[in-house]
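All chains, please: the whole structure from these sequences, using the hints.
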Amino acid sequence: TGGYRITTTINKTDQDAAVAAVQALPEGHSENLRAALVSIDATNGGILALYGGADYLTSQVSSATDAVAQAGSTFKPFALVGALEKGATLSNGYSGSSPMSIEGTTFQNYGNTSYGWSNLITATAYSINTPYVQLNRDLGPEVTSDVAVRAGYPKDTMGLDTTVQNVLGSASPHTIDIATAYATFAAQGTRHETHVVAQVANAGGDVAYTANTTGEKVFSDDVMADATYAMQQVVSEGSGKTARSLGRPIAAKTGSSSENKSAQFVGFTPQIATAVTLYQTGADGSEESITPWGSYDEITGSTYPADIFTQYMTTALADLPVAEFAQRTSGSYKRGSLYGTVAPQEEYELEEEYVEPEQDEEQQSEEKEDTSQDSDPTQQDPAPAATQEPAPGPTQGSGGEGSGQGGVGSPQGNG
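In this note's numbering, the protein residues as written are 11 to 425.
Calculated directly from the structure, the hints in this document are not laboratory data.
Among the clues, some could well be false.
What the hints assert, rightly or not - With a straight-line Cα cutoff of 30 Å, these simulated DSBU-like cross-link-like pairs (lysine-lysine) come out:
{"hint": "1", "residue 1": "227", "residue 2": "165"}
{"hint": "2", "residue 1": "165", "residue 2": "96"}
{"hint": "3", "residue 1": "96", "residue 2": "227"}
{"hint": "4", "residue 1": "22", "residue 2": "251"}
Quick look at the structure:
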């Protein structure tokens, strides 16, 4: 370091917890399974913990910062935020029928099951595909992509396009990009530069560099409050129920890709945003379906990624006070013309028809995101319509976790 003293943002306790959470995966998984975890301090953009693989000497490709995997349904909140900015309310909704032809492409919900009218809270909690594609059509997919970039996606993210199906997560970001975007949500719409170096001082103790932690306001407080409320329902009612054991307000989204080639869980409190990705590669480095093992028949976002997230966050949040998300203002901010008038506060809730029946634990943990085309790291053609993974114990009126197409754009990760 030439006599310079470099102070990083890494919290040793959190870093150890990240490693421990990944290492806690049950034995029996494929030797080609790769894991990534990135945790960011939402108040300043500092990386608290980063897991990119077990051994850098074995592989110099970080699964957290080099490899990419399709975002799947973790991309849907960008459409939600864009719609709220343009005038939508959480009470607005669409038909959940399936199949459904939209702009010449046929989209399906998981199992081709048709659901009832779904407001934006329900469509988010259970990640129902067809309502979100209709929303994206009316909103304009270019708006959804723009929200992703404002939140933290690089403009050159592989597969980031302006086709109507982009809402299903055909873009392939790095795990650190997903964490950055959700850290912006956690910070009530203030985007901070994600960084790992906090300060550099020379041999004499003079500070030569200090990270800029000011941040830029990119989304309004009111839009963030509504969007966060919808994402909280993923944990309280939908496919992210594992994280309820944290015992504090959590907003989250699950995501999985075609043929279970990748699976994500990303969530946040007002203090910390954390993204977890699992993916698997073949002997030649090509993507392949994650081989099921342990207690799960399919490896999706609500399975081991949710387990890793929850174990890690249990430690990362242990010494932090319970923080509440900002209260929604029930439309006190100006609405645009996309959907018209504001619905009253009491309508901002899950529709009664979506209340889940009692299910056994295995049934409650199931989700499956699927699409009809795998991603190819060498081309960025728009993905075809996606199918939808089932929510925990869905009814005719609750949907499962939807997705984009699948794929990992980099062969493997490392530490």
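Self-check item: 30 Å limit on alpha-carbon distance, applied to hinted pair residue 165 and residue 96
Solution: 22 Å, holds
Exercise. Take the C-alpha atoms of residue 96 and residue 227, compute the straight-line distance between them, and say whether it is at most 30 Å.
Key: With Cα atoms ~17 Å apart, residue 96 and residue 227 stay inside 30 Å; holds.
Quiz prompt | Distance restraint between residue 22 and residue 251, which requires alpha-carbon spacing of 30 Å or less | solution = 28 Å, holds
Quiz prompt | 30 Å Cα cutoff - pair residue 227, residue 165 | solution = Holds, at roughly 18 Å.
Of the hints listed earlier, there is not a single one the structure fails to meet.
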